[in-house]
Amino acid sequence: MNAALAVAGWELRGAVRSRVVLGAALTFGAICLGVTLLGLDALRGLGLAGVGPAAAGLVNLGVLVPPLLGLLLGAASLAGARERGLLAMVAAQPISRPAIVLGTFLGLAGALWTTVALGFGLASLVLAGVARVQDLAPLGALVGATLAVGSAGLAVGVGISAFARGRGQATALALAVWFVLALGMDLALAGLAPAVRLGPEGLLVAVLLNPLEAGRILALLAASAGGTALGPFGAFLLDRFGAGGAAALLVGGIVVWTALPLVLAGRALARRVV
Amino acid sequence: MPEPTPVLVTEGLAKAFGRHAVLDGISLRVDPGEIVVISGGNGAGKSTLLRCLAGLLPFEGRARVGGLEVDGRPDVRRLVGYVPQAVQLPEHATVGEVLAFFARLRGVRPEVPDLPEGFLPAAERPIGICSGGQRQRVALAVALLGDPRLLLLDEPVANLDEGGRDAFWETLRGRARAGAAALVATPTPADLIGVADRAVVLADGRVVHDGAMDGPHVVALGRRRGTPEPRASDLGEDEEEAEA
Chain A
9 MNAALAVAGW ELRGAVRSRV VLGAALTFGA ICLGVTLLGL DALRGLGLAG
59 VGPAAAGLVN LGVLVPPLLG LLLGAASLAG ARERGLLAMV AAQPISRPAI
109 VLGTFLGLAG ALWTTVALGF GLASLVLAGV ARVQDLAPLG ALVGATLAVG
159 SAGLAVGVGI SAFARGRGQA TALALAVWFV LALGMDLALA GLAPAVRLGP
209 EGLLVAVLLN PLEAGRILAL LAASAGGTAL GPFGAFLLDR FGAGGAAALL
259 VGGIVVWTAL PLVLAGRALA RRVV
Chain B
7 MPEPTPVLVT EGLAKAFGRH AVLDGISLRV DPGEIVVISG GNGAGKSTLL
57 RCLAGLLPFE GRARVGGLEV DGRPDVRRLV GYVPQAVQLP EHATVGEVLA
107 FFARLRGVRP EVPDLPEGFL PAAERPIGIC SGGQRQRVAL AVALLGDPRL
157 LLLDEPVANL DEGGRDAFWE TLRGRARAGA AALVATPTPA DLIGVADRAV
207 VLADGRVVHD GAMDGPHVVA LGRRRGTPEP RASDLGEDEE EAEA
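Chains as they are written, first to last, in the working numbering: chain A, 9 to 282; chain B, 7 to 250.
Be careful, since some hints might not be right.
[To be verified] Not the full set, but computed from the structure, chain B residues with beta-carbon under 8 angstroms of chain A: (1) 61; (2) 62; (3) 81; (4) 88; (5) 107; (6) 148.
FYI, nobody ran anything at the bench for these hints, they're computed from the structure. Quantities reported herein were computed from a predicted structural model and do not represent experimental measurements. For glycine and all other residues, C-beta sits at the position ideal for the given N, C-alpha and C.
Looking at chain B on its own, in the form it has when it is part of the complex (with noise of 0.2 angstroms):
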């Protein structure tokens, strides 16, 4: 069977700001269909990771998305939908219009239909009368507008509560299901224990891990406060060996 198109390609890609160095020859092949968590302490370089690929921060070394390099140019930016860590959409827009706008950026219609019914507030909702997990949604929806190949989602579920954090992961692995593929950016990877297909860790802007969600790099990390424990399953352990 021939080796899949990969859908993100990086080379050496290091980033500096001024004399300090976050980024150090990161290499990377991610799929169609994968999900993969980045993850690893504050300051190892995840978001400024992702900036570089969203075409935020220019950098050295390659990286290629679909076959483009990132390298300023718009049109590489069309396959890419992008999740910053932090955003404060305009109070006075209304949910509808934040997706019209973005939508019309993109050249897309302004429709997510594969979110479940009830995961945007209403469209007429102007955005300052919604709460963090709300806003954090339509941010999430933009991100999706237009069915991009690849996904860069920065912490994308830490104002979410669980229920619309089980139904974006839903969304996600309906979307990668169809051939797309997401870096989700987290420092509590085994909170995706389930959803991703991988990890990659980072410490002091190198790849320290790159595979298995139970990596000791990644079980380091542990998870968010509150959330349930992995099931031995999605850990890849034999049962009975992990009830012995």
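Just chain A, with the same shape it has in the complex (with noise of 0.2 angstroms):
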């Protein structure tokens, strides 16, 4: 584990060191004070109390942008380490592959949560003003649900770091990832659910199969009492699951796709030519 930790620092060090990340903290700032000041605007335009449509908006770009960056930051470490001649170097340490793909993540995850600290932090200051108690936890579970789905991104791109031939492939593959699950996979079900009758349950799967839609839904659940945000999709998983069984749910959902990709990506470090 010392080992692990050990990466895990080295990855965070050059990751705060490196501008790629610096820019993105700050882009990701921009634009969740941007949404937020905008979405206060409509919601003063309507003569209305509280952050909802600026929570909203923010929603969206908590489950579209750091799974992104999760996904590139990922995808660029083990296969530019590979390329670098770098991980051969720590390979040839007294450290499982396991433990470096721990590490890698752990390191890279303390970068991400970094920049989404920064950008709803910004977010959070213009929005104190307006703030009710009431909406402190629908913004902690906002927080939380991106926190989760930009660490399933981050996963998913150290697996496909582990299994790429080079960091051009790995950062394409990403890219592609990322399409599919931000608009293919909801294309998709829009086109298939009325065909296939898709009903409650058959959303559910398919919500549990994507990340971002799981993170999407979790954060969605904690800003609307009573689901009312989700329409008859949220009071079917309030009626099956009740408010904390929906949410253990779609954590376990978010944790699987974090998890397995990282198991996947030990044992394949683990057999091929590093």
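Work from the hints to combine the two standalone chains into their complex.
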């Protein structure tokens, strides 16, 4: 574990010093700020109180941008180190391959979480003026869901990196995966649902097969008491599993999306040429 | 006198990439204190052999370092220091941070006290502003961390100036006197006359010479341009005979 933590510290330091992560953090922060201000402006126009529309905008931002950043960071990690010969030097030390994968993930997760914290931190400075006590839990759930789906994206990126032949291939695959998860599955579902008569159970399976969607549902469940923001599907989830059970199910789905790629990456790295 | 326990033993070590055999039945024994040159032309299998022994590539056959099987488990790698042929250390890190990172992975202190003063750039110097030779020196220091019993060095002095080469060879000889062993891969084995004890020459993945540094296969591989002619005594020749 000590060796994995050493790798994590090394990766975190490298990522924080890299201009890419700094640029992503500033960009994400600026977008969060913009979405928040626009959402609050719409709110005032309707004469409403609270942070609702601003939070809704942040939900979509949170489940799309951090997973993309995580996928790209993860994809560049092992594949880049392999191309530079650094992975061979690290793998020649008394550290297991799964520990290299775990350390890489933990270090980059730290960098990703810093980016998310900066983005939401800027947004919360603005929201602090209008937020009510009852808004805190939904906002907390939003941050949690964002960190979770970002980590899942990162884990998938690290997995791709372990299997890919080079950094370029890994990055291309990571982008393809993001498009499928962010757009492709929604489009496919919208096209197929009427034809295959997908019921709420089928919809739940589809949600669990997509960590971005699971994160979105999780944040929206927390944001709207009674799952009203999710319509009949929200009602089904609360009726069948209860609020806690539904949240646990969705979190479980995201955890599987995080753990499985890391396990596969550890095995791949143990077998393949370093 | 009892035979010393070997640092490295390989038996029938073979490695193929797909259908292309790179190493074919390599059997070696390296004793404590031995510095062995692994040589051969381009594609002979030198780097692949070192990578197998460093635990980076799975292979067929057997290899043991200090009595431990090289089978992918991390423990045996504690006994091995490895420098790959080409490595790009991260530019954001300083020399001290690189040494500290690898020392932490090995569970040792980030110091290489037997390297002469001035061999390494200053600890606070970022890798990004180090020259190629200075970066190579850092990679060599990483391999020496924690006094490994077996050093696997793939063209270790390729980027070093003459002073750096001499200093590193002297350090390596000191390690050998203390009981460590080293495999040094180079396409020009004559560069190590006076440093190495023995040469192993590979051709098409097989050992074609395992013995003295003056074997015909070694001589045929020549030396790096600009390096001095070997002395006759280094070649094991009678000096009078050589003069004649």
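Quick rundown of the hints versus the structure:
1. For the restraint placing residue 61 (chain B) at the interface with chain A, the shortest Cβ-Cβ distance is roughly 7 angstroms, inside the 8 angstroms limit, so the hint holds.
2. Hint status for residue 62 (chain B): holds, given a least beta-carbon distance of 5 angstroms to chain A, under 8 angstroms.
3. Below 8 angstroms, beta-carbon pairs count as interface contacts, and residue 81 (chain B) has one with chain A at about 6 angstroms; its hint therefore holds.
4. For residue 88 (chain B), the suggested interface contact is upheld, since its CB lies about 4 angstroms from the closest CB of chain A, less than 8 angstroms.
5. Taking 8 angstroms as the C-beta contact cut-off toward chain A, the hint placing residue 107 (chain B) at the interface holds, the least distance being around 5 angstroms.
6. Contact between residue 148 (chain B) and chain A, as hinted, is supported at the beta carbon level, the nearest pair being about 7 angstroms apart and thus within 8 angstroms.
Violated hints are absent here; each numbered hint is respected by the structure.
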